[in-house]
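Peer 1: Line order of the protein sequences matches chains V and P. To convert, count from 1 in the first sequence and add 12; that's this note's numbering. To convert, count from 1 in the second sequence and add 17; that's this note's numbering.
Because the hints were derived from the structure by calculation, they are not lab data. Check the hints yourself; a few may be wrong.
[What the hints assert, rightly or not] Below are the DMTMM-like pairs computed for lysine to aspartate or glutamate, each with C-alpha atoms no more than 25 angstroms apart in a straight line:
| hint | chain 1 | residue 1 | chain 2 | residue 2 |
| --- | --- | --- | --- | --- |
| 1 | P | 118 | V | 27 |
| 2 | V | 54 | P | 80 |
| 3 | P | 118 | V | 29 |
[To be verified] These stretches of chain P come out as covered by chain V in the derived footprint (C-beta under 8 angstroms, 3 or more residues):
| hint | segment |
| --- | --- |
| 4 | 56-70 |
| 5 | 110-123 |
The beta carbon of each residue, even a glycine, is placed where N, CA and C say it ideally should be.
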Amino acid sequence: KQEVTQIPAALSVPEGENLVLNCSFTDSAIYNLQWFRQDPGKGLTSLLLIQSSQREQTSGRLNASLDKSSGRSTLYIAASQPGDSATYLCAVAGETSGSRLTFGEGTQLTVNP
Amino acid sequence: DARVTQTPRDKVTEMGQEVTMRCQPILGHNTVFWYRQTMMQGLELLAYFRNRAPLDDSGMPKDRFSAEMPDATLATLKIQPSEPRDSAVYFCASGLVLGPKHEQFFGPGTRLTVL
Numbered sequence: 013k014q015e016v017t018q019i020p021a022a023l024s025v026p027e028g029e030n031l032v033l034n035c036s037f038t039d040s041a042i043y044n045l046q047w048f049r050q051d052p053g054k055g056l057t058s059l060l061l062i063q064s065s066q067r068e069q070t071s072g073r074l075n076a077s078l079d080k081s082s083g084r085s086t087l088y089i090a091a092s093q094p095g096d097s098a099t100y101l102c103a104v105a106g107e108t109s110g111s112r113l114t115f116g117e118g119t120q121l122t123v124n125p
Numbered sequence: 018d019a020r021v022t023q024t025p026r027d028k029v030t031e032m033g034q035e036v037t038m039r040c041q042p043i044l045g046h047n048t049v050f051w052y053r054q055t056m057m058q059g060l061e062l063l064a065y066f067r068n069r070a071p072l073d074d075s076g077m078p079k080d081r082f083s084a085e086m087p088d089a090t091l092a093t094l095k096i097q098p099s100e101p102r103d104s105a106v107y108f109c110a111s112g113l114v115l116g117p118k119h120e121q122f123f124g125p126g127t128r129l130t131v132l
């Protein structure tokens, strides 16, 4: 059974810092890994999707990498801003789970002005 | 800007009442998911559909929950009778499954409170 773990569970940084969020998964047979952001009381916003054949994806200040063989992904946020404060979730679509996503517990990020 | 829409956004009801939540997936998407999110349990998958056919509803309490897709533009999740423990945020997500790419886009959710 696929398990997804995110470290750290919470992170507080001053504005302007570059930071890394970590995600690990136990079964490397995946179709893709998706990073989401969730603001309090809101839905999940898709940030980046990395397919299993890819190593990284970039969108603006965000860069996500994938090392499928070791079961790891990182989300790098450059020059963090207070508006980046949210919970970040990673989720994997496993080859044996159809289209179901297995989610991590999330990293709660606070960027202080 | 294509988005998943959900109605109602908020629902307060009394125990025993029927609740129906609706979802309009992104046009052209072939897969629709229903999730429930609580502080204690996090995100739980309740059910999902591909091309309107149910593929998995093992996450739903069968005695009181039902999910349907009457057409490609509407998915419904019904609870009858509702109970206080059903209080949660219910999310609908849709995706277009193309070969090895399985991507999901979430709606804003329905916040359900059962008194």
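Peer 1: If a hint holds in the structure, say so; if it does not, say that too.
Peer 2: For each hint, the structure was consulted:
Pair hint residue 118/P plus residue 27/V does not hold up; C-alpha atoms about 35 angstroms apart against a cutoff of 25 angstroms. For a cut-off of 25 angstroms, the pair hint linking residue 54/V to residue 80/P is broken: about 29 angstroms separates their Cα positions. Our distance criterion of 25 angstroms between C-alpha atoms is broken by residue 118/P and residue 29/V, whose separation comes to about 33 angstroms. Given a C-beta distance limit of less than 8 angstroms, the hint that chain V covers the segment 56-70 of chain P holds, as 5 residues qualify and 3 suffice.
Given a C-beta distance limit of less than 8 angstroms, the hint that chain V covers the segment 110-123 of chain P holds, as 10 residues qualify and 3 suffice.
Taken one by one, the earlier hints fail for this structure at numbers 1, 2, 3, listed in ascending order.
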